Amino acid sequence: MTGPLGRRRRWRSVVAAGCAAVLIVGGCENTVTTFVEDEMARPFFVYGYLDSGADTQFVRVAPIAPTLEASTTEQLDAQVRTTSLTSGDVVAWTDSLVILDDGSAGHLFYGLFRPEPGASYRLEVARSDGASTTATTRVPAHPEVRVDPVRTSGTVLIQDVTWDGISAPPFEALVRYHVSRYDETMPTLIRRSYLNSGHQERSSWTTSIQLSRDRDLVAQALGTAASDPPPALYRIEMLVSFGDDAWYRPDAVQVVNGTGFFGSVGRFSVAWALPDEVVSALELTNRQPQ
Amino acid sequence: MGAAIDVGVVMGAPPLKYGYWHAIGARPGLSASRALLLVCMMTIFAPEARAQLSTVAGTVADTSGVPIPGVSVVLDDLSGTRTGMSSGLDGSFSFGRLRPGTYTLLASHVGYVPVCDTVRVEFNQYHERTLVLTPETTELGVVTVEAEREEAAEARTSRYSIRPAELARLPVPGLSPDLMGHLQTIPGIMRIADTGGQLSVRGGTPTQNLVLVDGMPLYQPFHIIGFYSAIPADIVSNVDVFAGGFGARYGGRISSVMDVTTRNGSKRGVAASVSLASFLSAALLEIPVRRDEVSILLSVRESVIERIGPAVADHAFPFRFGDYFGKFHAFLSQTSSFSATAIRTYDRGAFEPPGGARRTVRWRNEAYGGRYVFLPPSYPMISQFAIYVSRYDSDFEGSAGSRSSEVTGINGDISFTYLLGPNEVDFGIFARSNSFDYHLGRAPGGSDRSYVSEGGTYLDFHWGVSPRFLTRSGLRVTAFSNEVNASIEPRGEIQWRPGGRSGRTVLGAAAGIYRQQIVGLTALEDLSDAFIAWTPTRGRQQIPRSIHAIVSVYRSIGPRTTLRAEGYGKWMTNLASPRYDRLTEELLRLDALEGRARGVDVQIRHAGSRFYAAAGYALSSVRYTGFVDWPPGAPDVVPTEISFSPPHHRVHQISLSSAVTSGPMAYRLLWQFGSGRPFTQIHGFYRHIPVDEIDRRYHTLTGSPAVAYASEPFGGRTPVYHRLDLSADRRLTAGATEVVIQLGLVNAYDRRNLFDYDVLTGERVDQLPVIPYAALRVNVR
Numbered sequence: 001m002t003g004p005l006g007r008r009r010r011w012r013s014v015v016a017a018g019c020a021a022v023l024i025v026g027g028c029e030n031t032v033t034t035f036v037e038d039e040m041a042r043p044f045f046v047y048g049y050l051d052s053g054a055d056t057q058f059v060r061v062a063p064i065a066p067t068l069e070a071s072t073t074e075q076l077d078a079q080v081r082t083t084s085l086t087s088g089d090v091v092a093w094t095d096s097l098v099i100l101d102d103g104s105a106g107h108l109f110y111g112l113f114r115p116e117p118g119a120s121y122r123l124e125v126a127r128s129d130g131a132s133t134t135a136t137t138r139v140p141a142h143p144e145v146r147v148d149p150v151r152t153s154g155t156v157l158i159q160d161v162t163w164d165g166i167s168a169p170p171f172e173a174l175v176r177y178h179v180s181r182y183d184e185t186m187p188t189l190i191r192r193s194y195l196n197s198g199h200q201e202r203s204s205w206t207t208s209i210q211l212s213r214d215r216d217l218v219a220q221a222l223g224t225a226a227s228d229p230p231p232a233l234y235r236i237e238m239l240v241s242f243g244d245d246a247w248y249r250p251d252a253v254q255v256v257n258g259t260g261f262f263g264s265v266g267r268f269s270v271a272w273a274l275p276d277e278v279v280s281a282l283e284l285t286n287r288q289p290q
Numbered sequence: 001m002g003a004a005i006d007v008g009v010v011m012g013a014p015p016l017k018y019g020y021w022h023a024i025g026a027r028p029g030l031s032a033s034r035a036l037l038l039v040c041m042m043t044i045f046a047p048e049a050r051a052q053l054s055t056v057a058g059t060v061a062d063t064s065g066v067p068i069p070g071v072s073v074v075l076d077d078l079s080g081t082r083t084g085m086s087s088g089l090d091g092s093f094s095f096g097r098l099r100p101g102t103y104t105l106l107a108s109h110v111g112y113v114p115v116c117d118t119v120r121v122e123f124n125q126y127h128e129r130t131l132v133l134t135p136e137t138t139e140l141g142v143v144t145v146e147a148e149r150e151e152a153a154e155a156r157t158s159r160y161s162i163r164p165a166e167l168a169r170l171p172v173p174g175l176s177p178d179l180m181g182h183l184q185t186i187p188g189i190m191r192i193a194d195t196g197g198q199l200s201v202r203g204g205t206p207t208q209n210l211v212l213v214d215g216m217p218l219y220q221p222f223h224i225i226g227f228y229s230a231i232p233a234d235i236v237s238n239v240d241v242f243a244g245g246f247g248a249r250y251g252g253r254i255s256s257v258m259d260v261t262t263r264n265g266s267k268r269g270v271a272a273s274v275s276l277a278s279f280l281s282a283a284l285l286e287i288p289v290r291r292d293e294v295s296i297l298l299s300v301r302e303s304v305i306e307r308i309g310p311a312v313a314d315h316a317f318p319f320r321f322g323d324y325f326g327k328f329h330a331f332l333s334q335t336s337s338f339s340a341t342a343i344r345t346y347d348r349g350a351f352e353p354p355g356g357a358r359r360t361v362r363w364r365n366e367a368y369g370g371r372y373v374f375l376p377p378s379y380p381m382i383s384q385f386a387i388y389v390s391r392y393d394s395d396f397e398g399s400a401g402s403r404s405s406e407v408t409g410i411n412g413d414i415s416f417t418y419l420l421g422p423n424e425v426d427f428g429i430f431a432r433s434n435s436f437d438y439h440l441g442r443a444p445g446g447s448d449r450s451y452v453s454e455g456g457t458y459l460d461f462h463w464g465v466s467p468r469f470l471t472r473s474g475l476r477v478t479a480f481s482n483e484v485n486a487s488i489e490p491r492g493e494i495q496w497r498p499g500g501r502s503g504r505t506v507l508g509a510a511a512g513i514y515r516q517q518i519v520g521l522t523a524l525e526d527l528s529d530a531f532i533a534w535t536p537t538r539g540r541q542q543i544p545r546s547i548h549a550i551v552s553v554y555r556s557i558g559p560r561t562t563l564r565a566e567g568y569g570k571w572m573t574n575l576a577s578p579r580y581d582r583l584t585e586e587l588l589r590l591d592a593l594e595g596r597a598r599g600v601d602v603q604i605r606h607a608g609s610r611f612y613a614a615a616g617y618a619l620s621s622v623r624y625t626g627f628v629d630w631p632p633g634a635p636d637v638v639p640t641e642i643s644f645s646p647p648h649h650r651v652h653q654i655s656l657s658s659a660v661t662s663g664p665m666a667y668r669l670l671w672q673f674g675s676g677r678p679f680t681q682i683h684g685f686y687r688h689i690p691v692d693e694i695d696r697r698y699h700t701l702t703g704s705p706a707v708a709y710a711s712e713p714f715g716g717r718t719p720v721y722h723r724l725d726l727s728a729d730r731r732l733t734a735g736a737t738e739v740v741i742q743l744g745l746v747n748a749y750d751r752r753n754l755f756d757y758d759v760l761t762g763e764r765v766d767q768l769p770v771i772p773y774a775a776l777r778v779n780v781r
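First to last, the sequence lines map onto chains Z and Y.
Numbered as in my numbering, the first sequence ends at 290 without a single skipped number.
Numbered as in my numbering, the second sequence ends at 781 without a single skipped number.
Simulated from the structure, these hints should not be mistaken for lab results.
Treat the numbers as computed from the prediction; the structure is a model and nothing was measured.
Quick reminder that beta carbons are idealized off the backbone N, C-alpha and C, glycines included.
Watch out, some of these pointers could steer you wrong.
[Claimed, not checked] Derived CB-CB ranges, DEER-like:
1) Y:Pro-310 with Z:Leu-97: 50 to 58 Å
2) Z:Glu-144 with Y:Ala-479: 54 to 62 Å
3) Y:Gly-412 with Z:Arg-249: 47 to 55 Å
Construct all of the structure, not just a fragment, from the sequences and the given hints.
Here it is, written out as structure tokens:
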């Protein structure tokens, strides 16, 4: 169709089509979808760890919510349980309300069991609609311990203790001396931290116990004067607490479909007897079990 | 670098002989090796020879092809130098001794609609034009005819050559057309938002674009209101936009080049114009200091939207911006000229979501420089010597902290262009020194004062192997001062014209390696980060690099209608991505990313005498990859390799523009559409307990607010963007005075387009609402 009339009709069609397109597109959704639309995704925040040195385990649980409102005292829609991936044992945890530092309420779940060193556990926090957050951890296994013979450095007596099979320095490292004044029979516990005095070498951690210096510490703690008879030594032991990899490498935290932290701690100790000549050199009285 | 060839003809000077170069032996098909040897010899010995000037000639005819004698034909070189003649009995006309540049050819005759044509003249060319006059009916007005054949001949892969007349075809608020208006219609070039002043080209970040004004780089050349650049159309002679694959004469950026050549002021008479509009008011003044020899061009623009906007749109517009431009130009002799250019811009803006915290951003550009152009009388050569200073400073202030950045660059360029028949050699050397002073935070490298320098050379060889086959190959070599390895960047382009130079189809391909030593930092995690900090690439860091590979098709598909399609791939490495602390606004660190962009750009354009329409479509895929701390802002995270679409990417872009001229009336329309931009969604909020000691404090620790981000970075999409702008002008002429009245609408159907969105607070900042505007312009010549 040509001519002014045809041209006018063609123009009208173009304009009508343009208006229609504008109206169609103009009706497009214009809200921003802030939240991931999968309601089953990432329901919970969890924080806690399994402690092989305790018979009650704790984990904080909080919902990941659209708003950051103060927590309520209402019961949380969450069932928590752990499964030992080694033995298959399942433990149901119990919710408890705690008052947080700011006065609001928080949900602290507890489970009554003592984790086995070297065993793996899966924590599952499930909502009633089926959405769940899971996390797994492996409790540190018993490390190999090597107690070296006492060595001397000048007049100082030193003993090296090496913990094999750990990839990071421990959280806690204590040497405990069970000692008493000469005239007492009940031993007293004197602790000395060796947390910052060890060194990590590949998968072993070694600390050098300063026996001579610790003897002075013991004497001072017992209130023994130089003229008094020497204190008695009953027992010497070392305690260490190691975390699993999750404590040191955030990428090792295995919280699935949620966020937070779930790790484990192994607590281990070793005791040994000092030879008579060392006890004498330390000017102690030897009451160690023979 | 890419500056105006603004040596013009001094009227009345003795003519130079045309065609002398052929007489001394240069000829088509000169071998590349001989050409290079010749160039080297000429550079070393610089003997005297004769320059090559061009001719524009042709015929004036009516619509039936009958020549029209006695038609007034005027040639204007856009700086006010005007030459006129009447067509001969056979309708012929001819203008000789023309220097390279852009000319306007105007033919007018009683009873016919005047015809205007633009001719871009290079060295040693003969341009033939047929000007067809249409009998006057009831409508009067100037009709612009596009030289299709010339356009095809000039078509190059990824290059968009923009002439002043084209800049006026889009509905830009106010009667001060602007380069920005046209840029946003080029497929592959994405204006990130109406506000913020940032462009992304084919997946690159906004700071990877090199913007030159008469060879001087502007670090942030776009105003905070996205309609405007620092370059008003009134001062433009020509703009070459390279969306990729640019030649060796350009360097220092890895994405695109926008090379603006400004025009000179009128050398014949004082000209002035003033425009008053509700967005931006402007004034332009052209003063011929010495007739036909020396001129001054001055331009001033100041925003008024912040004062008028609330009254007309019931909306606060906390934006203020402006630009000042001045150019002095003098013909020193028939073969040399000198120009001095100064440009200054400023922008200030505040972004304040309802009920949210106010963030303000401010930046300023300054550039000053001089250029001496010399055409040896006996050489077909253009030599240029330029020195200029560019400066940029910006600062950002949030509710919790602030950042600032300042960069000053001193640059010197010497370039030579040799014309060897159908071949051409561009050769240049350059040196620059940049000083930086930035304060982005306490993180390592977050604050510094430093200097870096670079120097280098480039060679571009355009070889017309045959009328059907053309190659452009180049090499750019740059050495750096700050322990960064030297950069060697090969570039290349080929063109095949099945129909020869007058054919309708051009097939092309281009590729190149590009490096960028100074980097502009914009936060990828923000939807719209208007703050840019410029920093050097340090010795230990790798220089950002990109590789471009492009294929193109250009075809004239009908009367005044062209189709252009390009497919491209771009691979980017060592991209610096800043990560800011959301609470303190301080720089946490710089992440190194790699990027890949690929896509297709298509443009159909009809440039009729009264009707102009263009449609552009861009389809792209952009992915960035790198080791970054993910999720952002989350505690206890370690760098993880993530892959994502950056927030400046839209998969689909559509642009429709049209202009209809009917007598003194002109109607313009621009509709743009962009698919949603990526952003990172969240699952929700919680209170985070730090992984710390094996004690039981966590039983009652409240924890700090934290966000559970989606596992997929930038997996969400903002709503689509679309907007319609309309304008209508009426032109009234009385003697030497012309008055133009404009009415228009920005965002005609009041689409709420998203500018920024804070996923943590839900605070939303929208782009411009519907804004009616009126403008008045008075031109006096």
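How the hints compare with the structure:
1. Y:Pro-310 with Z:Leu-97: 50 to 58 Å: Holds, at about 53 Å.
2. Z:Glu-144 with Y:Ala-479: 54 to 62 Å: Holds - the Cβ-Cβ distance for Glu-144 of chain Z and Ala-479 of chain Y, about 58 Å, lies within 54 to 62 Å.
3. Y:Gly-412 with Z:Arg-249: 47 to 55 Å: Taking Cβ atoms as reference, Gly-412 of chain Y and Arg-249 of chain Z lie about 52 Å apart, which means the hint holds.
Every hint from the earlier list agrees with this structure, and none is contradicted.
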